[in-house]
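*Asks:* Listed below, chain by chain, are the residues.
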Amino acid sequence: MTMHESELDREERSRVKWRKYAVTVGRIGLGVALLVAWKVGADAAGPLYAADPINVFQRIVSDSISGSLLRHITVTLRLSVEGFAIGCTFGVALPFLLRRMPRLTRAVEPYIMASVGVPKYALVPLFILWFGIDDAPKLWLVGLLVFYPVFIAVFAGIRNVDRNLINMARVVGASEAMISREVIWNALLPFFFTALKIALPRAVSATIIGEFLVGNEGLGYMIEYSRQNFDTTGVFTGIVVATALVLVINTALVRLDRHFNAWRPIDRDMAL
Amino acid sequence: MAAEVLLEVRGLSKRFGNRAGREPSPWVIQELSFVVNEGEFLTIVGPSGSGKTTLLNILAQIDTASGGEICLQSHAAPIGNSKSLKPGLACKIGYVTQEDNLLPWRTTLENVLFPLTVQRRLNEDTRAQAQMLIRAVGLAGFEDHYPHELSGGMRKRASLIRTLVYDPPIILMDEPFGALDAQTRTQLQEDLLRLWNLGRKTIVFVTHDIVEAIALGDRTLVLSRSPASVAGEHRNSIPRPRDIRGIMIHPEFAPLYQRIRVQVQ
Amino acid sequence: MATWQRTEDPNLARLARLAGSLRTRGDQLLVLIVLLALWQGLSLAFGTYWVGSPWGVLTRLGKGVMSGEILRHASYTLLEAAAGFLIGALPAAALPFALRRLPIVTAILDPFMVGGYGAPKLALAPLFILWFGIGIESKIALVAITVFFIVYFSALAGVRALDPRLVQMAQVMGANERDVARHIVFPGAVPHIFTGFRIAMPYSIGGAVIAELISANRGLGYLVQLSAMNFDTTGVFVALVATTCIVFLGNWSVNVVERRLLRWRPRPDLDMQAGS
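Residue numbers (numbering that gives the first Met the number 0), protein chains in the order written: chain D, 0 to 271; chain H, 0 to 264; chain W, 0 to 275.
One chain only, chain D, in its complex shape:
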């Protein structure tokens, strides 16, 4: 009787180890290659079209020291959080309100869904016209962009709550408010958190884009102002910092989510 499988196991295990090693090396290699390509491209394209990575790095350092970078970041973050809070509040409150009025919900639903199709960014000039050039138009933009995913998630979550649980709660005498709080809220928490994971980074992006169009502070303003002054290094700096900011927030959210929901099977939802 020939024994094949112990050799197979050993082969399999060493192959897995080699693979992990190769992947890590490959990632570092690709990262380095991209940086090198950036440098080469910047040298080739000239200072107008591309900023040298070293210059960008220096600008980040100098702006950090002078405090202007921190100022811009703070402004952007503040706006994002404020807009996020507004959008979230309405996005959560509205479905709960609508829950008590099914007839109204059915009547209003198609219009809400149709309004999803309106590109919110296109509303910014209108907001500027109506609300001035301060924070207001940006808050409206962020608020709206956060509102929709949260609203849809909470709305769908409430709809999907098991009727039996609600009926059981009614039977034992729970008030509507109690039902909302206990049964429904807990059932829709996972949907809500998924929406949050999407909405928070989106709030920051939206703030930055809003700052392209209006205002005199913030990361978006920094980028657009640099562009208008043909300060390519400034444009690159702003983009690098903005990207890093959003990625950090993303990663933090993913870690938090994994930590708090460690008992859940991980759902790989790539859908937005």
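These are computed hints drawn from the structure, not numbers from a lab. From a predicted model like this one, the values you see are computed outputs, not experimental measurements. Watch out, some of these pointers could steer you wrong.
To be verified - FRET-style restraints, in silico, Cβ to Cβ:
#1 L101/W x N185/D: 56 to 66 Å
#2 L255/D x E136/W: 33 to 43 Å
#3 V117/D x F45/W: 12 to 22 Å
#4 A139/H x L89/W: 39 to 49 Å
#5 L255/D x L35/W: 41 to 51 Å
#6 G245/H x L260/W: 35 to 45 Å
Think of the CB as a built atom: it goes at the ideal place given N, C-alpha and C, for glycine as much as any other residue.
Fit chains H and W to the known structure of chain D by using the hints.
*Replies:* This is chains H and W only, laid out in the frame that chain D set:
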């Protein structure tokens, strides 16, 4: 009537991969040996979890063995190394799995024609053959339906004729009728025997249902519990053509059933 | 309510459903009238300077369509969105297939792709305008890069969703690698790719519009910005309505194509009605 040995299995053994640092896994199959004669309908019975599906997977070359040999038409098949496996052994071994595995994006007809497409044998004759088989199992009129539009029994039939259509010398069947209701199962058993009678293919049919094994097979092997090996071999001399619905009334049924049942415990 | 009544008579039940849906339609019509009245009310209250009236918007829209102006700008935006979509989506859909046999490369790329997906691509708009000018290229580039990452992950999920039993079945029947890729991997991935298309589509139009808002001389985003700068709210509304129409058009096209291509998909709601 000297029957030629088509498939020979010698000392087959299998255990699944060890987890690093743990005890070696138990043997699923150990020293399993049997032969399959040409034109024979061989049924294999065994309790659930006795490695029946694993055995078929190894025979069909989609899984490796840990030891032993398999010879098809006197040619040894490579079964030790996963890299050298040849699934289906160049289309000599057909395999009707437990799940129907129909391609959801193909119509019934396209699914039945699939092996012919892949083997580049699609022509007028083979198409006619496919149509004939579709009619033979009562799927006429459903050629343009997608699998999700068919009932479980119809999907089973389609998956059955999908293997029959390219005529492999030996066909493995893994409890193909297990998930169906009794009525449909009996109907399909009759259809299968009828089709088998037309060409007298060699079939290895695995089931946990002793009645089915007796109704269909020329010979029945009994597998022991883990580790599986051949616990017994029973010749079935109930004459053909068999009456499936009335098989249990046949005088030879009861003693055969008893003998097999005792061994299956 | 209806959920608690159990009527044995199927005709009664159907009638009840019909009555219910008629009432809902009536309600929805009522809401529409209320919304329009509200709009008109706001317009009267604040003056058409601040809020263009519904009628004003309608007439201006009609004039704009007749003169071809709206269509001209709309087609410009549509062109940016469509070209950018194709340039971004096609490589993104093809990449997971090409890398299917090289899981190491996919793994190496993964953090970069995730980073690209999470990064705010729209923040690149000023950079692309710097590079390509205020013409159509900068918008196409922005749309392409936005769409790329979205479709990549959907296609990747589609390729990964491969059912190994189907592959085994095909191999037993003599399929080689090319056959498996063509008959099993690709058709199985198409629904996922279409989901990616559907998600990316509004982003393509949105991206084009945003880039136009920042800097352009044609397109619906440009129209919005121009009208706003001229304090012409009616013009802004007209451009917004046109933009929304394009989004709906895009959604509709994706749906139509998907329905044709994915006839084979089980539709749980329909199957239950048809009975088995």
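*Asks:* Now tell me, hint by hint, if it's right for this structure.
*Replies:* Here is how each hint holds up against the structure:
1. Here the CB-CB span from L101/W to N185/D is close to 44 Å, at odds with the stated 56 to 66 Å.
2. Taking the beta carbon of each, L255/D and E136/W are about 40 Å apart, inside 33 to 43 Å as hinted.
3. At roughly 21 Å, the beta-carbon separation of V117/D and F45/W lies within the given 12 to 22 Å, and the hint holds.
4. The hint said 39 to 49 Å for the Cβ distance between A139/H and L89/W, and at roughly 42 Å that hint holds.
5. Taking 41 to 51 Å as the suggested C-beta distance range, the pair L255/D and L35/W conforms, at roughly 44 Å.
6. Between G245/H and L260/W the Cβ separation comes to about 50 Å, which falls outside the hinted range of 35 to 45 Å.
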